[in-house]
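Please put together the full structure from these sequences, using the hints given.
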Amino acid sequence: MAKPVILTSGNKQYSFDVTRIDRAKLYGVRKRLPLDANGQLCTKASLTLDGENLLSSGMTAQGYFNSEGLPISRQEMVGLDAQGEMVEKIPSTLGFPQKMEGPVNASEVLDLDVESFFCLEPIEVETSFLAELKSGAVYKFCFNYSAGLEMESAYLVANDDGFFAIVGSTASGEWVEEAAVYAPVDDDDTFTDDLDFDSL
Amino acid sequence: MSSSIHLANAKGRDATIGLVPIKAATAPTLGLPGQKLYFRRYLAAKEGGTHQALSKKFSGDYGHELVTSDPEVDIEAIGAQLGQTQRVYLDGGGELMYSDPKFIEVLLNPDGSEKERREPVDSAMNVNVEVPIKFSGRLMPVKDAISRFGFRRKLQLRHVDGLTFDFLFDIAKELESKESLMIIGAGDKGVSPMIFQANGRPYRGFLEGKTKDKSYRLTLHLSEMELKKPLASKRKAGYGK
Numbered sequence: 000m001a002k003p004v005i006l007t008s009g010n011k012q013y014s015f016d017v018t019r020i021d022r023a024k025l026y027g028v029r030k031r032l033p034l035d036a037n038g039q040l041c042t043k044a045s046l047t048l049d050g051e052n053l054l055s056s057g058m059t060a061q062g063y064f065n066s067e068g069l070p071i072s073r074q075e076m077v078g079l080d081a082q083g084e085m086v087e088k089i090p091s092t093l094g095f096p097q098k099m100e101g102p103v104n105a106s107e108v109l110d111l112d113v114e115s116f117f118c119l120e121p122i123e124v125e126t127s128f129l130a131e132l133k134s135g136a137v138y139k140f141c142f143n144y145s146a147g148l149e150m151e152s153a154y155l156v157a158n159d160d161g162f163f164a165i166v167g168s169t170a171s172g173e174w175v176e177e178a179a180v181y182a183p184v185d186d187d188d189t190f191t192d193d194l195d196f197d198s199l
Numbered sequence: 000m001s002s003s004i005h006l007a008n009a010k011g012r013d014a015t016i017g018l019v020p021i022k023a024a025t026a027p028t029l030g031l032p033g034q035k036l037y038f039r040r041y042l043a044a045k046e047g048g049t050h051q052a053l054s055k056k057f058s059g060d061y062g063h064e065l066v067t068s069d070p071e072v073d074i075e076a077i078g079a080q081l082g083q084t085q086r087v088y089l090d091g092g093g094e095l096m097y098s099d100p101k102f103i104e105v106l107l108n109p110d111g112s113e114k115e116r117r118e119p120v121d122s123a124m125n126v127n128v129e130v131p132i133k134f135s136g137r138l139m140p141v142k143d144a145i146s147r148f149g150f151r152r153k154l155q156l157r158h159v160d161g162l163t164f165d166f167l168f169d170i171a172k173e174l175e176s177k178e179s180l181m182i183i184g185a186g187d188k189g190v191s192p193m194i195f196q197a198n199g200r201p202y203r204g205f206l207e208g209k210t211k212d213k214s215y216r217l218t219l220h221l222s223e224m225e226l227k228k229p230l231a232s233k234r235k236a237g238y239g240k
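So the sequences go chain by chain: A and B.
Residues in the first sequence are numbered consecutively from 0, following numbering that gives the first Met the number 0.
Residues in the second sequence are numbered consecutively from 0, following numbering that gives the first Met the number 0.
There's no promise every hint is true.
[What the hints assert, rightly or not] Computed Cβ-Cβ distance ranges for the label pairs, DEER-style:
(1) 116/B / 159/A: 33 to 39 Å
(2) 70/A / 93/B: 29 to 35 Å
(3) 86/A / 47/B: 41 to 47 Å
(4) 12/A / 123/B: 48 to 54 Å
(5) 137/B / 12/A: 36 to 42 Å
(6) 52/B / 91/A: 39 to 45 Å
(7) 159/B / 34/A: 44 to 50 Å
(8) 80/B / 98/A: 44 to 50 Å
(9) 80/B / 1/A: 35 to 41 Å
(10) 62/A / 91/B: 42 to 48 Å
(11) 65/A / 101/B: 42 to 48 Å
(12) 123/B / 11/A: 48 to 54 Å
(13) 41/B / 104/A: 32 to 38 Å
Don't read these hints as lab results, they were simulated from the structure.
For glycine and all other residues, C-beta sits at the position ideal for the given N, C-alpha and C.
Below, the structure is given as structure tokens:
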């Protein structure tokens, strides 16, 4: 099991077990299976456009190369921001106390570009704090499930079913004036993983 | 994915307007300072160099052959960069199929067990069709919405001309005054899920509106799931059967 989320507020400390939740865990999954003429399961493969190579699982590899064609391992690489400046790797926050801010305005959660949702199970939490969450209070804290190059924000909310963390990075839309020109966005940029079934 | 939506307001007036996804700024990435790196896919083994092929050729353990004769390396081909490829299928016997396979759909429960098998059911895009997406008339306070639903994606509504600017500005002003999210959706009552591409995920839509001087911000928050405990967690905690 993952290490717990530990939150601090003043001189108080609360801890929760954490489990990632997604649509598949709540509702199940729809898969589409390809079958041949005999009803047997087919396997996916790729054919190079010149027809030279039929590529099955295990026949390809991928990686990074420099301009001279030499391979670069992930261990050699460092984090770079949009300006090309180095950024340090940020460790996971699980098991380490994180300061909580709040209660915050609930509409702050709407400004999040959500990456993931987690179900939190209280381990050591005052019942008064749990009651405050159930009454609608929202708290904010820094969260990194696994080590990465960016610290994400998480909001602690509650409903009748339990306690949850909503995790992501801030992203709010622009103010739009009448003179603003609308330009449709490229299809490749949006909802690329949006099919409602997994295809084998 | 559809880049526009056919929307009707509370009074039933409709218009086709633009959609722009709202995403966070690009996160830092891995690289080397001052160097441009290229991500490439390349050939690592040919058909005769896979584990199955080598096991068959050398009747099982082929470790010795790997060390002494490199049977898995085709010096002419291995390492070749791969460009675009075409998806194909191999039948149950491993042979290339020259016609499309038949597909069946399998529904799996959250615990992974099979629930049902059936002919595939296709769902059509419904956000930019003749029947507009409608206001359901149901308002939900922000506090309730964010604690009950998982808003996985959000889109900003954008006008395409002067008339649609007035249309959207008025919607934003009305929603701002109510300090709540309006539930919108497909169907006659505006409560059916929205689908943005053929066979896309169904989303419930919650519209948020704000204005500032002569500008507006209309955000469509999309939820594909409720916030609730997975069944496994409930069973562990002693809930349910």
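A quick look at each hint next to the structure:
In this structure, residue 116/B and residue 159/A meet the distance hint of 33 to 39 Å, their C-beta atoms being roughly 35 Å apart. At roughly 31 Å, the beta-carbon separation of residue 70/A and residue 93/B lies within the given 29 to 35 Å, and the hint holds. The given range of 41 to 47 Å is respected by residue 86/A and residue 47/B, whose C-beta atoms sit roughly 45 Å from each other. Against the hinted window of 48 to 54 Å, the Cβ-Cβ separation of residue 12/A and residue 123/B comes to about 52 Å, which satisfies the hint.
A hinted range of 36 to 42 Å for the beta carbons of residue 137/B and residue 12/A is consistent with their spacing of about 40 Å. The hinted window of 39 to 45 Å between residue 52/B and residue 91/A holds, with their beta carbons roughly 41 Å apart. A hinted range of 44 to 50 Å for the beta carbons of residue 159/B and residue 34/A is consistent with their spacing of about 45 Å. Restraint check, residue 80/B to residue 98/A: a C-beta distance of roughly 48 Å satisfies the suggested window 44 to 50 Å.
For the pair residue 80/B and residue 1/A, the beta carbons lie near 39 Å from each other, so the given range of 35 to 41 Å is met. The hinted window of 42 to 48 Å between residue 62/A and residue 91/B is violated, with their beta carbons roughly 33 Å apart. Hint check: residue 65/A to residue 101/B, Cβ distance near 46 Å, so the stated range 42 to 48 Å holds. At about 53 Å, the beta-carbon gap between residue 123/B and residue 11/A stays in the expected band of 48 to 54 Å.
At about 51 Å, the CB distance of residue 41/B to residue 104/A disagrees with the hint of 32 to 38 Å.
Consistency with the previously given hints fails for numbers 10 and 13, ordered from lowest to highest.
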